Amino acid sequence: MRLIFKDLNILRSIINAIGTSIGSDVKGIVESAGTTLPNLFDFSVFGVLWKEELILYLFQEESCPPSFTQEVVKNMIRVFSIMGEKQMERERVALQVEKRKLKPNQMMMDPQATLKSYLTLPLAIEGEIIGCISVNSDQPNAFDAQHLQFFSVIGYQMAATLKHFQRLRSVKKEAIYDSLTGLMNRRYLEERLSVETEKAFPSGSKLSIIMVDIDHFKKVNDTFGHAAGDKVLREIASLLKSSVRTQDDMVARYGGEEFVLVLPGVSLEAASTIAERIRRSVENTPIDIGETQIHSTISLGISSFPIHRIKYKEELVKMADLALYDAKRGGRNRVCVFTGL
Amino acid sequence: MKEDKEEKWSSDLILELYANLLTEIWATVSALIGEAILGLLFTLAIQGIGGKYAFLNSLEVSEEGISLDKMKKDCRNMAPAEIHRGFQSLINQLSHLFSALTEGVINKEILPKVLPKVREAERMVSQK
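Protein chains in written order, with the numbering used here: chain D, 1 to 341; chain F, 1 to 128.
Note that these hints are calculated values from the structure, not bench results. None of the values given here were measured: they were computed from a predicted structure. Glycine included, each C-beta is placed from N, C-alpha and C at the ideal position. Wrong hints could be hidden among the right ones.
[To be verified] Facing chain F, according to a computed beta carbon distance under 7 Å, are these residues of chain D, among others:
#  : residue
1  : ASN75
2  : VAL79
3  : ILE82
4  : GLY84
5  : LEU119
6  : THR120
7  : PRO122
8  : ALA145
9  : LEU148
10 : GLN149
[As the list claims (entries may be wrong)] Keeping only pairs whose Cα atoms sit at most 30 Å apart, straight-line, the calculated DSS-like set for lysine-lysine is:
#  : chain 1 : residue 1 : chain 2 : residue 2
11 : D       : LYS116    : F       : LYS108
12 : D       : LYS206    : D       : LYS318
13 : F       : LYS108    : D       : LYS74
[As the list claims (entries may be wrong)] Covered by chain D, per the in silico footprint, the following chain F stretches (three or more residues, Cβ under 8 Å):
#  : stretch
14 : 10 to 23
15 : 27 to 35
Next comes chain D alone, as it looks inside the complex (with noise of 0.2 Å):
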């Protein structure tokens, strides 16, 4: 009975272990499971499997040969498509593997050691299978009813988790980005800009900006119907997002058929290339739309810092936006510098 209750006592600091690490990422989670899980039973490899990225993370003993570790990554796959819809596909599998020493010195892992005993269980929540979770060991037999009971409570705990995290980080995904077009949206672009400005503002390093506007947007919707305009706004910000440095620089949508490009390193003339070079490539990329294509242009405002002097980084945007605004009243499909007030 008082082992029992010390088992108990440990099961709840393994759930408790996993329900508090949801700030950091999943590998976190399976780490804080797989640290505390040796204190309630013996195991060579804990694995964790989740379907939604594809990606399989196993918590193993450092002596563990990698035939023993391909023989439960093979056996996890098998176990999780019977319970699956399809067969799972090992090589879209991504592997993620943490090695600690679980097992004493003596205990070492024989190198020709294979698979003996595991328990793999579904990772359920809500109706739906989201992964599975596995322990498995050299040893046979080496889990009984009680162990089951006891991982069974591990894997809700942990469904519950990565179901909690899936959430939030789709409320992050929210927050940041643009749902339509996957560029980041308005709210991120300020936060940026001023992470931006604030970095180059006292060091005087250059800053440009880019704000791009679509020339007759309205009359495409007008023309083609809201779902055309959602593909030209697609396939711009796609041609957008492919020609600026994909660390460094960012592209947003500023709204409606507007966009802008925060370029940190930048100077005017090289600003000024890359926003001929987009103006270039939209001009001549056609666009599908059922059977038809549209030709769409774009017209193209710039601002740059140190050369253009400001303080504060609302100014940097209005004079990319009155850029833009000479550039649509020069004719469309040009690219302008900002000249002055």
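On the provided structure of chain D, position chain F as indicated by the hints.
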């Protein structure tokens, strides 16, 4: 007419026997892996053989347990042997799932309950 009545009576008995057995399996296995997972496994098992034994699709599975109420109404005129074969397949399918997940751990707990009941059902069917 007498034969019809006997067959109905026999079907009712077989259904009752399997209702008790499934309730026992539910109680034992849900204590090991929880109702939510078990419910999903039952659903999977039914999906696996529901094409061959359509009457099994009227089994009602939820986290509260498994109910044969609808099935009892639908299957009163079915041949007892057919009901027996369907349930035997369902139990085999479940056992296969349990074994894939936990090797012998779950089956070790339920087989002592399952085997006598299935033998009893066999006897009932063969007596007829």
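Hints, one by one, checked against the model:
no.	hint	result
1	ASN75	violated (10 Å)
2	VAL79	holds (5 Å)
3	ILE82	holds (5 Å)
4	GLY84	violated (9 Å)
5	LEU119	holds (5 Å)
6	THR120	holds (5 Å)
7	PRO122	holds (6 Å)
8	ALA145	holds (6 Å)
9	LEU148	holds (5 Å)
10	GLN149	holds (6 Å)
11	LYS116/D - LYS108/F	holds (17 Å)
12	LYS206/D - LYS318/D	holds (17 Å)
13	LYS108/F - LYS74/D	holds (25 Å)
14	10 to 23	violated (count 0)
15	27 to 35	holds (count 4)
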